[in-house]
Amino acid sequence: MIPLEQWLVTFAYLFALAHYVKAFREGKDESRKRSWRIAAVAIALHLGYLVHLSFTIGRLPVTNVFETLTACAWFFGIAYLGLEWRLHETSLGLFILPIIIVLHTLSNLFLDLNRALPPILMQEFLFEIHVVILLFSYSAFAISFIASLLYLLLAREIQKKSAGLFYRRLPSLAFFDALSNRGVNIGLLFLTLGVAFGIYEGAKVAEQFFKWDAKFVAVGLTWLIYFFHLLGRFKLGWQGRRAAFVSLLGFGSLLFSFLIVSLTLSEVHHFR
Amino acid sequence: MSFRVYYIARPANSTVTELDPAQLANLREQLGVQELLCVAGPRYLELYLADAPQRNSTNGVYANEPRAFLSFLSEWNRALISKATMCEHETEKAALKHYFRSALGWLPDGAREERHAGALRAAHANAQQQNFAGLYCNRLYERALWLTEKARLETDFFAQTASLAVTLLEVAGKIFGGFKNRTALLLGNNMEATRTAQTLREADIGGLLLLSKTSQAEDYVNSLLASAASDHIFAPPADLILIFETLHPQFGDPRFIQKLMAKRQHAPLLLADLTAEAAHAAAFQKMRNLYFYARADLNRLVDQNTSTREQVESKIAQWLESEVENFYQWLASTERFHFGKMVGRSREMQTVFELIARIARTDITILIQGESGTGKELVAAAVHESSGRARRPFVVVNCGAIPESLLESELFGHVRGAFTGAISNKKGLFEEAHMGTIFLDEIGELPQQLQVKLLRFLQDNVIRKVGSNANLQLDVRVLAATNRDLEQMVAQGAFRSDLYYRLNVIRLDLPPLRERRDDIPVLARYFLHKYSERMRKPDRELSSEAMQKILSYAWPGNVRELENAMERAVALSLEREIGLAELPDNIRQHTTIVSSNHARPALKEIEQRYILETLEFCAGNYDEAARVLGIGRTTLWRKLKEYQAQH
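Protein chains in written order, with the numbering used here: chain A, 1 to 272; chain B, 1001 to 1647.
A couple of the hints might just be wrong.
[Said to hold, decoys possible] Subject to a maximum C-alpha distance of 27 Å in a straight line, what follows is the list of computed BS3-like cross-link-like pairs (lysine-lysine):
| no. | chain 1 | residue 1 | chain 2 | residue 2 |
| --- | --- | --- | --- | --- |
| 1 | B | Lys1286 | B | Lys1213 |
| 2 | A | Lys161 | B | Lys1263 |
| 3 | B | Lys1315 | A | Lys28 |
| 4 | B | Lys1286 | A | Lys235 |
| 5 | A | Lys28 | A | Lys161 |
| 6 | B | Lys1639 | B | Lys1341 |
| 7 | B | Lys1426 | A | Lys161 |
| 8 | B | Lys1097 | A | Lys235 |
| 9 | B | Lys1213 | B | Lys1259 |
| 10 | B | Lys1427 | B | Lys1453 |
| 11 | A | Lys160 | B | Lys1286 |
| 12 | A | Lys235 | B | Lys1426 |
| 13 | B | Lys1150 | A | Lys22 |
| 14 | B | Lys1259 | B | Lys1286 |
| 15 | A | Lys161 | B | Lys1341 |
| 16 | A | Lys161 | A | Lys22 |
| 17 | B | Lys1286 | B | Lys1150 |
| 18 | B | Lys1150 | B | Lys1097 |
| 19 | B | Lys1150 | A | Lys28 |
| 20 | A | Lys22 | B | Lys1315 |
| 21 | B | Lys1150 | B | Lys1093 |
| 22 | B | Lys1263 | B | Lys1286 |
| 23 | A | Lys160 | B | Lys1259 |
| 24 | B | Lys1263 | A | Lys160 |
| 25 | B | Lys1315 | B | Lys1263 |
| 26 | B | Lys1259 | A | Lys161 |
| 27 | B | Lys1097 | B | Lys1263 |
| 28 | A | Lys33 | B | Lys1150 |
| 29 | B | Lys1549 | B | Lys1341 |
| 30 | B | Lys1537 | B | Lys1549 |
| 31 | B | Lys1150 | B | Lys1180 |
| 32 | B | Lys1341 | B | Lys1537 |
| 33 | B | Lys1315 | A | Lys235 |
These are computed hints drawn from the structure, not numbers from a lab.
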């Protein structure tokens, strides 16, 4: 059952994406509402899949990178859905859906249901909390990332002085600037919380917990970048383009620590 | 029909001269037209003349020569077109097209002016008050409203703007979102600067600084530079800097702008240089969060908007064509006397139709008042059918026909056990009509206690079932009808005054048939056709004596009586022509012409009625009417004017 469900979810997201493209081109309120509903259905399907997966493996599906990927994709979806519901703005969906589809498909391709749980995770319940909090923070960062991307796209169109499709459909720079800023602030809060949880729990489980491991360095770097963004905005009055670039950089670092480092470089934070 | 328009371009600085009703009446008389519409738009003055067929150019006052028309006009009222020289002229289809364009605010020179569409609406309101607008104008207006709505909902016709100021505002909107917390600095003292300032003010901008003199600009720059030395900000840091005239060279200098940006901590800034000598574009382009627009850039944006606009315009132009075709088809058909299931060509009924068309799409409560048999239910059905609720239920309740004791549970429903015999929950008619329309006939028969409940529904849109404590929120449009004088019932205390005023938001008075005799032939023909078809007989016609009879009969039972009489006549008839013999006795035997007011009308009254009927008979063709009546055209005209004055 699981493989079929995996791909069903992917197709549901692709279907939603097609509608978002259409809604973006047409710019009509009606097609916007329809695409929102389709995305909601896709996310509900995804939730069903996650529940099924949890029962299959007997834990929340966050015990290794590939399970976490699809859970992360779902969190992105929910965060976006809520955002659109509040702001009535479709353009973000056009960009967040591809990210969701890529994450989920990666998970589909590499998910191995028969692998044994690492002994270190067998009993700890705190581990799940640690991951879920971090997924919250990743969703907020993802929203901020998309907002910054759209900011730069729109800024380019305005600078080019030609009224292209993005110019006509996107809201204002100020909108994306504020959204990106808020995303980073919320994300940073949860990132700090999640990391604190991780340290607490790691210290309890392992003998000598802290080493100069790649994962810790990468996460530390990500945290610093986002903290820098916060500082820049509050203390140095950063706005617009520079802040957007830092947000992009932060998200790149986040993906790097989440995917590459966890899979290949890290020795300690290792749950393959 | 003959339809023509004369339009006169107003010079840019001429003031709009409105014509008062008396002047309009005079002008109409001078021109000798049936329907006159005078649209005093901000840039064009338009005169639409509509007439029955074959009447054009016979009057001689106006001819096909627009110049002659212009000189006639300026002779008639010098102030109206004081400085105008250009006058154009269109007839028939071209004129119709011109009319529809005007209704969209689309001027002959291709420009758009929403205010012109507004002027057209005002002109219609005016003409209707004065009764200048007849069948043609009303139909045109109805179609124009429809077309406007279609253009608004299905295209970007009204959204696309092509003026520099609005485009500038659009760009600023893309950067700043709203303008509430933004400040704009405008430099210059020309028309464009003032116009842009006006647009910005309308957009609710937080702060607006308009520097119109070099000395002011110098002060501003100096205070900025002075405060740049200290960190203390003195001059308000603008988010938009719009340069219309080069008041101070500093504003075109990238180094100065760089200083300004640094002072504002590089928050986004829109700098638009609309002077001819804008330079340093490349330097500005490099600055972070600075958006620089030269005049050429804005013009390009305007052009881009214009080209998408042209696509929309060609689509609209097609619609206009089909609208004109449509109008001719309508002219040729008898459909123009039909509305919903109602038939009527009299001015009274046309007014009713028009009112229905206008208010159907709203959710306003309507009170329909009219004698029995005038078609109150048909009006209600027509309102429902032309409203957005057409696909939803239409529930008819005759309040007089249901026993008082049952009425409440019929209307509002009841819950199980509310009274003996209430063995299950029952939906009321209001609930059945949810999302649709409920028509309460004979509202005057509604008992006091239910009047309260109805009033509560009209105010809060909630009902309470009999025996239930829960409120039920419903979306139902209420139409009510009565043949009793509610106002009098209110005075007597039989009808609650608060309910009366709540129902009486819009009142539709259906005139009795005897007060709109023009409709009798049309209705008779309609019913004859209907029943001939139903009884599978060839189409019946009334003989002239029979027509005379039914025209002079008082019709106390109104349209229903007429319908029954025609049904009977068709059933009895053996030949194509229906004679006196087939009419019911009471109609056949009445001898006097019964008027609503007097037992016996004056000779003058009969003459007037006969002349007006003949005119209707000849479809408004005055030449023919005069010939049939055996009087001269001028006599006919004089008499008609006399009747006009009486009303």
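Status of the hints after comparison with the structure:
1. In summary, the hint linking B:Lys1286 to B:Lys1213 is not supported, as the alpha carbons are separated by about 30 Å, beyond the 27 Å threshold.
2. At most 27 Å may separate the alpha-carbon atoms for a hinted pair to count; A:Lys161 and B:Lys1263 meet this at roughly 26 Å.
3. Restraint check for B:Lys1315 and A:Lys28: the C-alpha separation of about 19 Å stays at or below 27 Å, so the hint holds.
4. A distance of roughly 24 Å separates the Cα atoms of B:Lys1286 and A:Lys235; the hinted pair therefore holds under the 27 Å criterion.
5. Distance hint between A:Lys28 and A:Lys161 is fulfilled; the C-alpha atoms sit about 24 Å from each other, no more than 27 Å.
6. Between the alpha carbons of B:Lys1639 and B:Lys1341 the distance comes to roughly 35 Å, so the proposed pair goes past 27 Å and is violated.
7. Our distance criterion of 27 Å between C-alpha atoms is broken by B:Lys1426 and A:Lys161, whose separation comes to about 65 Å.
8. Restraint check: the Cα-Cα separation between B:Lys1097 and A:Lys235 comes to about 63 Å, which exceeds 27 Å; the hinted pair is violated.
9. Only pairs whose Cα atoms come within 27 Å are accepted, and B:Lys1213 paired with B:Lys1259 is accepted, the gap being roughly 23 Å.
10. For the hint pairing B:Lys1427 with B:Lys1453, the CA-to-CA distance comes to about 16 Å; that is within 27 Å, so the pair holds.
11. The suggested pairing of A:Lys160 with B:Lys1286 holds, with an alpha-carbon distance near 12 Å, which does not exceed 27 Å.
12. At most 27 Å may separate the alpha-carbon atoms for a hinted pair to count; A:Lys235 and B:Lys1426 exceed this at roughly 68 Å.
13. Restraint check for B:Lys1150 and A:Lys22: the C-alpha separation of about 23 Å stays at or below 27 Å, so the hint holds.
14. Between B:Lys1259 and B:Lys1286 the alpha-carbon distance is near 14 Å, which keeps this suggested pair within the 27 Å criterion.
15. Under the criterion of a C-alpha separation no larger than 27 Å, the hint pairing A:Lys161 with B:Lys1341 is inconsistent with the structure, at around 57 Å.
16. Between the alpha carbons of A:Lys161 and A:Lys22 the distance comes to roughly 25 Å, so the proposed pair stays at or under 27 Å and holds.
17. Distance check on the hinted pair: B:Lys1286 and B:Lys1150 sit about 45 Å apart at the alpha-carbon level, beyond 27 Å; violated.
18. Our distance criterion of 27 Å between C-alpha atoms is met by B:Lys1150 and B:Lys1097, whose separation comes to about 16 Å.
19. Using a Cα cut-off of 27 Å, the hinted pair B:Lys1150 and A:Lys28 holds, with the two alpha carbons roughly 15 Å apart.
20. Restraint check for A:Lys22 and B:Lys1315: the C-alpha separation of about 22 Å stays at or below 27 Å, so the hint holds.
21. Only pairs whose Cα atoms come within 27 Å are accepted, and B:Lys1150 paired with B:Lys1093 is accepted, the gap being roughly 21 Å.
22. About 17 Å separates the Cα atoms of B:Lys1263 and B:Lys1286, which keeps this hinted pair within 27 Å; it holds.
23. Under the criterion of a C-alpha separation no larger than 27 Å, the hint pairing A:Lys160 with B:Lys1259 is consistent with the structure, at around 24 Å.
24. Between B:Lys1263 and A:Lys160 the alpha-carbon distance is near 25 Å, which keeps this suggested pair within the 27 Å criterion.
25. Taking the CA atoms of B:Lys1315 and B:Lys1263, the gap is near 50 Å; set against the 27 Å cutoff, the hint is violated.
26. At most 27 Å may separate the alpha-carbon atoms for a hinted pair to count; B:Lys1259 and A:Lys161 meet this at roughly 24 Å.
27. Simply put, B:Lys1097 and B:Lys1263 have alpha-carbon atoms about 57 Å apart, too far for the 27 Å limit, and the pair is violated.
28. A distance of roughly 22 Å separates the Cα atoms of A:Lys33 and B:Lys1150; the hinted pair therefore holds under the 27 Å criterion.
29. Straight-line distance between C-alpha atoms of B:Lys1549 and B:Lys1341 comes to about 25 Å, which keeps the hinted pair within the 27 Å bound.
30. For the hint linking B:Lys1537 to B:Lys1549, the alpha-carbon distance of about 23 Å falls within 27 Å, and the restraint holds.
31. A threshold of 27 Å between alpha carbons decides the hint, and for B:Lys1150 with B:Lys1180 the separation of about 33 Å lies outside it, so the pair is violated.
32. As the CA atoms of B:Lys1341 and B:Lys1537 are separated by approximately 22 Å, the hinted pair is consistent with the 27 Å bound.
33. Only pairs whose Cα atoms come within 27 Å are accepted, and B:Lys1315 paired with A:Lys235 is rejected, the gap being roughly 54 Å.
Violated hints, listed in ascending order, are 1, 6, 7, 8, 12, 15, 17, 25, 27, 31, 33; each of the other numbered hints is respected by the structure.
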